[in-house]
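Colleague: Now for the letters of each chain:
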Amino acid sequence: MSAELLATEPAATAPEALSVDGVTVRLGGRTVLDDVSFSVRAGEFTGLIGSNGAGKTTLFRVILGLQPPLSGHVRVGDGRRGGADVGYVPQKFLLDPDMPLRGRDLIALGLDGHRLGVPLPSRARRARVDEMLDAVDACAFADDRVGQLSGGEQQRILIAHALISRPRLLLLDEPLANLDLRAAQEAVRLLSRIASEQRIAVLISAHEMNPLLPVMDRIVYLAAGRAASGSVDEVVRSEVLTELYGHHVDVLRVHGRVIVVGGRGHDEHVVPELTGGAPGSVEIVK
Amino acid sequence: MHQVLRAIVEPGFFGNSSVQLAAAVGAVVAIVASSVGVFTVIRGQSFAGEALGDLGATGGSSAYLVGIAPLWGFLAIAVAGASVMELIGIQRARGRDLATGIVLGAGFGLAALLLYLGTIYDNTTGATVTILFGSPFTLSSSVLPLVAVFGGLALGIVLVLYRPLLLVSVSPDLASARRLPVRLIGALYLLAMALAVALSALTIGAILSTALLVGPAATALQLTRRPGRAIATAAAVGIGAMWLGILLAYDSDDWSSSHHAWPVSFFVVALVLLAYIASRSLSTRARGR
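Listed in order, the protein sequences are those of chains A and B. For the first sequence, the numbering used here begins at 1 and goes up steadily by one. For the second sequence, the numbering used here begins at 1 and goes up steadily by one.
Isolated chain A, as found in the complex (with noise of 0.2 Å):
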């Protein structure tokens, strides 16, 4: 059962970027996804929420490509242009300190990579490249060895990267997942920021929605291979989240946070990849 509910869409003039329709993908003989479908709008900032396992990668894989759905289909923009219409960003990215390649080096292969031959150097690619750094905020760093740079500013390499051939749509694999507290804060204020500036619809998966909740205009909530997606106040409320999980959820909105706790009737308990936290511990917020 897909809950695609009906929001107050927004003045609908913003393009479709990413139509998803009712794709189910079985793997190992589980169902990982299940008749899941929703759509994204340019320009907007939407949240893939789920715990581990929930089937968030897969669905990534599917949208990119890489996994054939065993039915249902996934269309890009108006699905003219093929690979270069989704940027991504993958989660791990590590590299050897040495590696002869700067951030900018990185960062023009989003641009051409896919070409044979060598590249001639091009003030017009160049001028491209300084235009991304510039978007990411990278400048001061894109001449160092991508081996050498943080997790923070390997990821808005990567940004810059995926950016760079103009996608219609940024897929961002738990981007805020390596991330401390202030670093992850900065990646969601500049990436809703690219979101809005550059009209494009920017997708990202994460197990924990707070940190997106000040910019994520929609949101996928994923659990057990079904998908309810909608705006937050829509989709993250108890009667949907129990229809969703097949047993009893409550939510709870302290303080601006949102605490998903799940419970069989009596038995209360919390449902630790919700919130965060340890088992059997509730977060306290001010």
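Hints listed in this document are in silico derivations from the structure and should not be mistaken for laboratory results. Even for Gly, the Cβ is constructed at its ideal location relative to N, Cα and C. Take every hint as true, because none was put in to throw you off.
Where chain A lies over chain B, by a calculated footprint (3+ residues, C-beta under 8 Å):
1) 154-165
2) 177-188
3) 220-226
In silico contact screen, one side only, chain B against chain A (beta carbon under 10 Å); selected entries:
4) Val41
5) Ile42
6) Ser169
7) Ala230
Model the placement of chain B on the given structure of chain A, informed by the hints.
Modeller: What follows is chain B alone, placed relative to chain A:
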């Protein structure tokens, strides 16, 4: 001054046809091996390169027993070895070392037998030394066009695939997101590496062939942070070590009263090592971030 120059470059050096051939073949081999080697180091496939080179011992000795030029043996075994490695999944990180080691051990065992048989058959160890450690001064001139063709092929693969190969080597994830054929690119690269290593074995022997593949590349990576410059720098270091090695080997004939020249491969490898050490000290002083 004139005296010093004559001591270093002895009269007749440049006119000697064996020297000229060695320098020409050596230059082509050095450029190809060093350039291909930059990607070997980037991709962390030095062990595979080492294995392919050492397998040359098996190939060269087989060729010798059968009576054909060792170059064909080097080429055939390197390509066969690369194919086997690709089939058993060398591109996957896990199990890669073990698979390479097993193939290498088997190859060496066979080489030991073949070289022994060759020694018995010919009653001389000359062929063994040539196959294992190279002998550029005894190359036949028919080898030069072959080296140019296969070297050109190896270099061609790397230059044509340059951008996709760089992306795949840096991050297979990013490459597959861009729909690049990651496995095919890796396999083609393995072929280029096999050719480069086989050619290197021809000049400095099977055992030391990796030194020319990996040494100049490692040196270059210390000195520059741009991939294009790394390839140019590696090629320069490779040619420099090769030509200077040839010169020193030629001169060494006069160093001992018995007039036995030291092997070229020793000098080449020693120079490559010196270059690497020098580059490390330069880079730790100059390196900012």
